[in-house]
Amino acid sequence: MNRKTRLALFAAGAAVLAGVFAIAFAGLPPLGNYRGPYGQMVNALVVPERNVTDAVTAVNFDIRGFDTLGEEFILFISVMGAALLLRRQSDESDREHADHADDREVAAPSDAMRAAGMLLTAPTLLFGIYIVLHGQLTPGGGFQGGVILASGALLVYLVGEFGNFRAAVPRAVVHAMEAIGAGVYPAVGLATLAAGGAFLQNILPLGARGSILSGGTIPIINAGVALEVCGGITLVLIVYLEETLEQKEE
Amino acid sequence: MSHFPYGVAAWLFLVGLYGIVTSRNLVHLVISLAVLQSSTYILLLGVGYRTGAVAPIFATIPPSTPAVDPVVQALVLTDIVVEVTVVALILALVVQVHKRHGTIDPDELRKLRD
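As they're listed, the protein sequences go chains A and B. The opening position of the first sequence corresponds to residue 1 in our numbering, with each subsequent residue numbered one higher. The opening position of the second sequence corresponds to residue 1 in our numbering, with each subsequent residue numbered one higher.
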């Protein structure tokens, strides 16, 4: 199929879609008239029944826990796939890298960037841990906190040489984080089964409202997801950096 | 104006699709896919919105305060994180394509196949 036929097909499809959208818009209730029962039910139940104050985290790790388990493994498998695709293959040991001109050195990070990076790394990691720990209380949780923690690793790369980054963020540790994080979630589910509850049923004591340990199984799953997301995103970062920067090292 | 967010979602969907259809570069194609997918965030958050309601965080407000739907927000949350890694996976595929064929223009790749 050449470009013209493809564009013509797109134009025809888009026209039909625009028509369907127009019909759908005409029948929509105006924005802000949400009438779905589940959201209101969840909002009414999370505080009295789960002792957590962030309804979104309660939905993710408790009420819809089984779905989030699946989503976590989509993430796990995508990261594995990326690592697998970018692994060093036997037939490409002497391949050419063209990420910079041959007659020029790669510029070292500027002093401003080094200073900013060094100042930001510790607060970023601390902020990430804070976001993870307060997942069931205020906006945040394992997914968001894990990404913030992984951006700490990116800062380490930005301020230094790739060698330092490798030393500061060892691949074995990242692999372990990802694997343990991915394992925690199903382990909690199986533990609740073994204890006589349903899979992922929140059977632990709910703790005091507003405390970091409140919410029963939610903080445990939350921490596992944080490990998994942080390990996964950092691993993606490592495999991409190794793909482009191997030559710089050699 | 009351359907404006849904219109934005539809527009993002179509713009992303147009980018995919007309792409001459696989990296551009993957980013177009990400743009297309971001329409789902707007749609989901738009569906869950209630006029005058607050965010579904009850740390400092009584639980009876009207709040927007937390279910769609939870969906968007996992959607975003999963999308990032899926984009990383597809970009890894693009790197492999470039290694094997020396081009990331979809039309050139089709010529190679024929």
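Bear in mind the hints are in silico, worked out from the structure with no lab data behind them. Glycine included, C-beta positions come from ideal geometry on N, C-alpha and C. Take the hints with a grain of salt, since some may be wrong.
[Claimed, not checked] Calculated Cβ distances over 10 Å to all of chain B for the following chain A residues:
| hint | residue |
| --- | --- |
| 1 | Arg3 |
| 2 | Ala14 |
| 3 | Ala18 |
| 4 | Ile23 |
| 5 | Tyr38 |
| 6 | Leu119 |
| 7 | Tyr130 |
| 8 | Gly146 |
| 9 | Ala191 |
| 10 | Ala195 |
| 11 | Gly210 |
| 12 | Leu213 |
[Unchecked claim] Derived coverage of chain B by chain A (criterion: at least 3 residues anywhere in the stretch with Cβ under 8 Å from a Cβ of chain A; other residues may be distant):
| hint | stretch |
| --- | --- |
| 13 | 60 to 73 |
| 14 | 90 to 97 |
Here is what the structure says about each hint:
The Cβ of A:Arg3 does not lie farther than 10 Å from every Cβ of chain B; its closest approach is about 7 Å, which violates its non-interface assignment. With a least CB separation of 6 Å from chain B, A:Ala14 falls inside the 10 Å interface cut-off, contrary to its annotation. For A:Ala18, the requirement that its beta carbon stay farther than 10 Å from each beta carbon of chain B is not met, with the minimum near 8 Å. Distance to chain B confirms A:Ile23 as a non-interface residue, since its nearest Cβ pair spans about 12 Å, more than 10 Å.
For A:Tyr38, the shortest C-beta to C-beta distance to chain B comes to about 5 Å, within the 10 Å cut-off, and the non-interface label is violated. The claim that A:Leu119 is not at the interface with chain B holds, since no C-beta of that chain comes within 10 Å of its own (minimum 26 Å). Residue placement check: A:Tyr130 keeps its beta carbon more than 10 Å from all beta carbons of chain B (closest about 14 Å). Not every CB of chain B lies more than 10 Å from the CB of A:Gly146, the least distance being 8 Å, so the non-interface label is violated.
Chain B leaves A:Ala191 outside its interface by the beta-carbon criterion, the shortest separation being 23 Å against a cut-off of 10 Å. With a closest Cβ-Cβ approach of about 25 Å to chain B, A:Ala195 is found to remain outside the 10 Å limit, as its non-interface label requires. The Cβ of A:Gly210 sits about 7 Å from the closest Cβ of chain B, inside the 10 Å cut-off, so the non-interface label is violated. Every CB of chain B is more than 10 Å from the CB of A:Leu213 (nearest about 15 Å), matching its label as outside the interface.
Here's how the stretch 60 to 73 of chain B fares: 9 of its residues keep a CB closer than 8 Å to some CB of chain A, so the rule of at least three is met and the hint holds. Requiring three or more residues with a Cβ within less than 8 Å of a Cβ of chain A, the coverage given for the stretch 90 to 97 of chain B holds, as 5 such residues are present.
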